[in-house]
Amino acid sequence: MLILKLSAIDSTNAFLKKWVQQTKAYSAVGVWAEHQTHGRGSRGSKWQSGKGLNLTGSVYIGDLSLNKQDVFDINKRVCLAIVQVLQPYKIPDLSIKWPNDILSGEKKLGGVLIEPFFKGNKITGVVVGCGINVNQRDFPTLPCATSIQISKDEDIEIEPLFELLANQIETSMRANNSYDEDYNDLLFGYKKTISFTRPNGDVFLAKIDGISKEGRLQLVHADGLKETVDEKALVFTAFLHCQ
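For the sequence shown, the positions run 112 to 354 when my numbering is used.
Any given hint might turn out to be false.
[Claimed, not checked] Here are the in silico distance ranges between beta carbons for each label pair: (1) Val314 / Met112: 13 to 21 Å; (2) Leu336 / Glu145: 19 to 27 Å; (3) Phe229 / Leu253: 18 to 26 Å; (4) Leu336 / Lys135: 22 to 30 Å; (5) Glu270 / Asp249: 20 to 28 Å; (6) Glu325 / Lys135: 27 to 35 Å; (7) Glu274 / Lys201: 38 to 46 Å; (8) Asn288 / Ser118: 33 to 41 Å; (9) Gly163 / Lys318: 16 to 24 Å; (10) Gln198 / Glu270: 15 to 23 Å; (11) Gln198 / Glu325: 43 to 51 Å; (12) Asp313 / Ser138: 31 to 39 Å.
Hints are computed from structural coordinates only; laboratory data are not their basis. From the three backbone atoms N, C-alpha and C, an ideal C-beta is built for every residue, glycine too.
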């Protein structure tokens, strides 16, 4: 895999998408920046990161031939790759909060942004944006954030961490096996009764039963009623103050 390092950039995803379209010589490229000025999270949110303190990078994996409806499978594989790379750091209670947050306990450690390339009904490549809080200790405007440094109380080198992550993402993306069971084992609240809040303010309890192929959350209510929802339909009540 080709690894590029930048001192500063507005968005590594935007940079890499443009670079890949102009330079078609590589099937796997990783780019990370010491400082990202306009990093993006999911749902159009801005990824906030202290300069030089955190991992902000993107990985391109090409030469794919996936079905168009497999976008969330990519998300699963990437989230699992991140957790696998972080596990040796002995970070407590690592989990994946649907749809794309990496948690330590009930604190956000990282996030993922998936941007596929389509040709007809096939996904031919994908740019994966990854943000991981590494050496930042203070998050004055992010009450639910944490970092590797907070867990380990030691500074972590970001460049080798990114290289490990980029290669693990490629390995995960090119593997033929299913990761559904591994993903569910790490899914925050899986098979547990969780409090959710709908956009209208209604609060309810339901058990997380899994994730559909399309990436929708599958719930079972106390009366046995099943419900499948997308990410705009609710938030985890415990994380409501994090929005």
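Discussion item. Between the beta carbons of Gly163 and Lys318, is the distance compatible with 16 to 24 Å?
Written reply: 42 Å, violated
Item to complete: May I ask you to test the hint 15 to 23 Å on the CB atoms belonging to Gln198 and Glu270?
Response: 20 Å, holds
Worksheet item: Glu274 and Lys201, beta-carbon distance inside 38 to 46 Å?
Response: Violated, at about 20 Å.
Worksheet item: Taking the beta carbons of Glu270 and Asp249, is their distance inside 20 to 28 Å?
Response: With a Cβ separation near 23 Å, Glu270 and Asp249 satisfy 20 to 28 Å, so the hint holds.
Worksheet item: Between Asp313 and Ser138, does the beta-carbon spacing fit 31 to 39 Å?
Response: 47 Å, violated
Practice prompt. Look at the Cβ atoms of Phe229 and Leu253 and judge whether their distance stays inside 18 to 26 Å.
Written response: 33 Å, violated
Fill in: Distance restraint evaluation - Leu336, Glu145, Cβ atoms, bounds 19 to 27 Å
50 Å, violated
Item to complete: Hint says 13 to 21 Å; check whether the CB-CB distance for Val314 and Met112 agrees.
Response: 45 Å, violated
Worksheet item: Does the Cβ-Cβ separation between Leu336 and Lys135 fall within 22 to 30 Å?
Response: 50 Å, violated
Item to complete: Look at the Cβ atoms of Gln198 and Glu325 and judge whether their distance stays inside 43 to 51 Å.
Response: Violated - the Cβ-Cβ distance for Gln198 and Glu325, about 28 Å, lies outside 43 to 51 Å.
Discussion item. Taking the Cβ atom of Glu325 and the Cβ atom of Lys135, is their distance within the range 27 to 35 Å?
Written reply: 30 Å, holds
Worksheet item: Should the hint that Asn288 and Ser118 are 33 to 41 Å apart at their CB atoms be regarded as holding?
Response: 38 Å, holds
Hints 1, 2, 3, 4, 7, 9, 11 and 12 from the list above are not met by this structure, while the remaining hints are.
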